[in-house]
Structure formats: C-alpha cells, structure tokens
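**Q** Sequence:
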Amino acid sequence: MSDKDLFKIAFGQKFEYDSFEDMTKIGKGGFGSVYKAYSKDIKQTVALKTLDYEYEYSFDIFIRE
Numbered sequence: 001m002s003d004k005d006l007f008k009i010a011f012g013q014k015f016e017y018d019s020f021e022d023m024t025k026i027g028k029g030g031f032g033s034v035y036k037a038y039s040k041d042i043k044q045t046v047a048l049k050t051l052d053y054e055y056e057y058s059f060d061i062f063i064r065e
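Under the numbering used here, think of the first position of the sequence shown as 1, with each following residue one higher.
These are calculated hints, taken from the structure and not from any lab test.
Hints may be right or wrong, so weigh each one.
[Said to hold, decoys possible] Straight-line Cα separation of at most 25 angstroms, PhoX-like style, residue types lysine-lysine; simulated pairs:
1) Lys25 <-> Lys49
2) Lys25 <-> Lys43
3) Lys36 <-> Lys49
4) Lys25 <-> Lys40
5) Lys36 <-> Lys25
6) Lys40 <-> Lys28
7) Lys28 <-> Lys49
All figures in this text were calculated on a predicted structure; none of them were measured in a lab.
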C-alpha cells in the first residue's frame with residue numbers, strides 16, 4: 001500500500017465533511033481550496049484545506065507543507 005493510500009485512509013476517514021459546519025470558502029490556491037469551518041469534534045473554528053486531485057503531484061506538495 002502506498003503512502004498516498006495510507007494518507008487517504010487515515011485522514012479521509014478521520015475528517016468527514018459532516019464533522020464540519022458553517023463552511024465558508026476563504027481562499028483558493030494552485031492545488032486546492034481553504035475553508036473556514038466549525039469542527040463539531042473539537043468545538044473550534046478551523047481552517048480546512050482541501051486538495052484538488054486532478055494533479056498527481058499535489059499530494060506530495062501538500063505533505064511537504
């Protein structure tokens with residue numbers, strides 16, 4: 001199993017979109033978007049970054065950030 005598969009399993013299941021409410025898009029970059037959202041799990045406002053999977057290398061750049 002690749003690192004990408006492990007990442008998707010670990011983080012894809014941990015942060016389901018239904019765990020967030022009041023999502024407001026606050027920015028967009030070359031590889032994805034950033035949202036201001038309220039996390040019901042930790043009861044805090046957070047920045048939620050999403051990746052556009054159209055670029056194979058976006059995962060690697062995201063991990064380096």
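**Q** Give a verdict on every hint.
**A** We went through each hint and held it up to the structure:
1. Lys25 <-> Lys49: 10 angstroms, holds
2. Lys25 <-> Lys43: 19 angstroms, holds
3. Lys36 <-> Lys49: 9 angstroms, holds
4. Lys25 <-> Lys40: 18 angstroms, holds
5. Lys36 <-> Lys25: 6 angstroms, holds
6. Lys40 <-> Lys28: Distance of about 24 angstroms is within 25 angstroms: holds.
7. Lys28 <-> Lys49: 9 angstroms, holds
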